[in-house]
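Colleague: Sequence order for the protein chains is W and C. Numbering of the first sequence is given in this note's numbering, commencing with residue 263 and proceeding in unit increments. Numbering of the second sequence is given in this note's numbering, commencing with residue 17 and proceeding in unit increments.
These are computed hints drawn from the structure, not numbers from a lab. Fair warning: this is a prediction, and the values are worked out from it, not measured in the lab. There may be inaccurate statements among the hints.
[As the list claims (entries may be wrong)] Derived DSS-like pairs (lysine-lysine); straight-line CA-CA distance at most 27 angstroms: (1) K289(W) <-> K273(W); (2) K726(C) <-> K436(W); (3) K432(W) <-> K702(C).
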Amino acid sequence: MAEFDKADIEKLIDGVLPWPATQDMLKSSKDADRFDKYVEIMQARVDFKDPILLPLTPMLFIVSAEGERVVKCRCGHSFGDYRANWKLSSLINVRDDEASISEIYKGREMPDAAWVQIREYICGGCGAQLEVEAVPRGCPPDFDFLPDLDTFYGEWLGRPLPDTVRFEDKTLDKIAEWSS
Amino acid sequence: MALSLREETKANEEAFKKTGCLFGLETLARKEADPGTYEAVWHILSNLCNAAWATGCKVSSSPIAAEGGDALWGLHTSTGEAVCISRGISAHAGLLSDMIKNFIDLGYEENPGFKAGDIFENNDPHYGGIHSPDFDMCMPLFYDGKLIAWASCVSHVSDAGSVTPGSIGFLNPDCYSDGLPISMERVGENNRFYPWYEMRIRSRTRTPDFVMGDARGRLAGCLTIRDRLEEVIEKYGLDFILDASKEYVEDSRRYAVGRVKTQTVPGRIRKSQFKDLAMKGKRVLLAKQDIDCAFNLPMELTINADASVDLSLQGASGTVPFGENISPTALKSGLMMGYSHIVGFDMFNSGPIAAWNIEMPPDGSWANPFPLNYEAASGVAWAPAVTWVSNLYEVFGRLFQMRGFVEEMAAGSGTIMTAEFSGINQTGMYLTGLTLEQASQGSPARGYSDGENSAWCIYTPEADFGNAEISELYYPILFLGRNVSPNSGGYGQFRGGLGHTAVWMVHNTPGLEYQCGDAGMRSKMVANHGMYGAYPVVPDRPAYGHKTNVKELIEAQKPLIHGRGDPESPLIASLIDAELVEDNAIAPFVTPEPLQDFDIIVHPIAGAQAMGDPINRDSASVERDLNEGWTTSRVATDIHGVVTNKPNGAFVVDAAATDAKRAEIREERKARAIPFKDWWLQEREKVQAEENMDPAILTMWSTCMELSPKYGEELRAFWALPEDFTFSG
Chain W
263 MAEFDKADIE KLIDGVLPWP ATQDMLKSSK DADRFDKYVE IMQARVDFKD PILLPLTPML
323 FIVSAEGERV VKCRCGHSFG DYRANWKLSS LINVRDDEAS ISEIYKGREM PDAAWVQIRE
383 YICGGCGAQL EVEAVPRGCP PDFDFLPDLD TFYGEWLGRP LPDTVRFEDK TLDKIAEWSS
Chain C
17 MALSLREETK ANEEAFKKTG CLFGLETLAR KEADPGTYEA VWHILSNLCN AAWATGCKVS
77 SSPIAAEGGD ALWGLHTSTG EAVCISRGIS AHAGLLSDMI KNFIDLGYEE NPGFKAGDIF
137 ENNDPHYGGI HSPDFDMCMP LFYDGKLIAW ASCVSHVSDA GSVTPGSIGF LNPDCYSDGL
197 PISMERVGEN NRFYPWYEMR IRSRTRTPDF VMGDARGRLA GCLTIRDRLE EVIEKYGLDF
257 ILDASKEYVE DSRRYAVGRV KTQTVPGRIR KSQFKDLAMK GKRVLLAKQD IDCAFNLPME
317 LTINADASVD LSLQGASGTV PFGENISPTA LKSGLMMGYS HIVGFDMFNS GPIAAWNIEM
377 PPDGSWANPF PLNYEAASGV AWAPAVTWVS NLYEVFGRLF QMRGFVEEMA AGSGTIMTAE
437 FSGINQTGMY LTGLTLEQAS QGSPARGYSD GENSAWCIYT PEADFGNAEI SELYYPILFL
497 GRNVSPNSGG YGQFRGGLGH TAVWMVHNTP GLEYQCGDAG MRSKMVANHG MYGAYPVVPD
557 RPAYGHKTNV KELIEAQKPL IHGRGDPESP LIASLIDAEL VEDNAIAPFV TPEPLQDFDI
617 IVHPIAGAQA MGDPINRDSA SVERDLNEGW TTSRVATDIH GVVTNKPNGA FVVDAAATDA
677 KRAEIREERK ARAIPFKDWW LQEREKVQAE ENMDPAILTM WSTCMELSPK YGEELRAFWA
737 LPEDFTFSG
């Protein structure tokens, strides 16, 4: 089983690991402790102390905060329970007309606003652009990933989390609140 | 008494159900006893398939196989599982395996029987084929009188006799126009084709010499596999080869399951994807085709506690009156190809897909057309499928990131727009066929770097756009340019590899049809691949000029067109005078009339998708891209927030101004964006009112909600719409 230095993993993440070393990582059997090292690296880079349970994206993390499992941006801005799509708790800028789309795509590069809208999900804390969707009007936002954290920690990593929660999608609960 | 192949297949299925291991192989005895020989023989078998590819492509002599290598050979177990495959167009491995299984399941072992030297073929989508130009072949291989394996092959012929010339039949209105069907047939015996097979190809395809060349190439490759396999059996023994072949498949399944368990996270993944096909007002074949269409290509993937994977395509929209419908068998093969690139690539064979539970796509959708629309055309069935398979790259990229395996990440692919020509070439010969430009796109951004330019293709690891000079030999065209396309790899922290633009001048022909085809392109939309905040790749927009003044320009030694130019001021409009100039054409299309000498075509090929917030892009990379001509000042400043100066003719980053600009962009974003709830409240009104929604989008939504009621229910619930709400399309 291969093992890689934390420093090299950091360089990889930052895109500065030399190509031969990157190839070595690609070709070697994988290191069993990568997840823990990666979480350690990310923990040192975020602006909060809550322990990271899962790096959802390079910018968003499921963390354990005061007994709750919530999604937080690297800057510490919280998006609430990880089982509801975090996008519903973000800021959004939607480009759905020619003028706004043309700020990104010019001339022949422009998609047709009657076919697709460009949705930018922005962190209300730091202004990071967290995800972009290009979908037609009517498409609910993608709930990119709803992890089964208890199976992951309990059965795959062999170290159950202190508490368990039900594996369920709570996005529509939020919609029900808004529409009631 | 020996089991029939059908009984053996059934026994294998039961053993898998009982043990969870393919063929019931709970231990890999040959591997454990002699791992060195096991590994060595794998490489020998793999090389044997590659030898078949090299031989078959050369025998074929068609430009698609000989120059582009657009073919594949495989070695299978007696019950059809792919053991290993050659280099080439790997997307077909699953199809070949399923074809053999289908021959067994249909009782061909009894009638007409399997014997040495038999040649079987299929290209019929109703029986699992992908589209008529992809001829799938298999031959049973015998040793000491017993059927011990199969050799298989697919090659993409230049013309399969569909209603329009060529092999990208996007205009086909129904299956009757899809071309010459070979419907699960024995097409030869004693290692020779039947004479009537050749007669049929001669009477019903436009380039029979090339099509028969491809057939002979397929056969030559399969015979190469047969002969070489006999040598391997002589050396290592039949029992070893039979045992090891099964172990390679089970080993590969274990590898893929192991990767899922050690490198991903259990849970549910959802990925929306859409594609356009805008044909209204264009040259079509039947009145019903004078419409625009949109496809819903959703993917829901669940990784279970036991690392098995459930996959659903609920929500797929309805069939279209064009060639962009695909059978579920062919779709599965595309999935297997994508999965092999991302997860199960140690030994590419049938193993990895065994851990998938694939829900049958909704009846009557583009992904399962025949139960409700038996006449649906599949002339270029890859088109929506390959766009859907692209989701796998992003989805697994996200999962690998979560476990820290950043080196394994990849964003999605770009789009696939093809160019096909038909007409008389410079030697007086009628030709039709595909150029190979689209087989060399940019590669997706990785978690640690940009993708590579013009070096990748989603449907084949054999990314190669062929030699321009060889294309010029076949087709009556001359290359005026083959250039990297700036800004063609999306905008992100890491961008996709860039695509390229081919510029052709029509030359030495009485008339040439240019078919700008759909093999997975988007022209009205961009892909939903804004991974981690990146912007997706630009849409496909080709250009052409008809009845030009290029001859005069050449004689006067004036500048010609060699590239695309600025998106807002295309070169074709500024450099060329022509009776018809289309500088921003919505693809796909066939030109209104044949092109003539000195006409110009500007044909762009996509880069691949980016990942990460564009303002996190390393400013030195932006500086390099500017100096290489790979990006533009507007993109550098407005999208990446990188401010540069040009003190000595080269761009140099102003670090302080860049920091300030990026801080400004962050604040502008926060000021401009609104809370999601506020947008949702406004947007649901617009959804209900169908505001600024193209009729094609409305039809797409209404068909997918009807075909997949649960998907429709969830869509209504998300927008808090009445239970009986539906779109008017």
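Colleague: Now tell me, hint by hint, if it's right for this structure.
Modeller: Hint check:
Taking the CA atoms of K289(W) and K273(W), the gap is near 17 angstroms; set against the 27 angstroms cutoff, the hint holds. Between K726(C) and K436(W) the CA atoms are separated by roughly 19 angstroms; this keeps the pair inside 27 angstroms, and the hint holds. A threshold of 27 angstroms between alpha carbons decides the hint, and for K432(W) with K702(C) the separation of about 25 angstroms falls inside it, so the pair holds.
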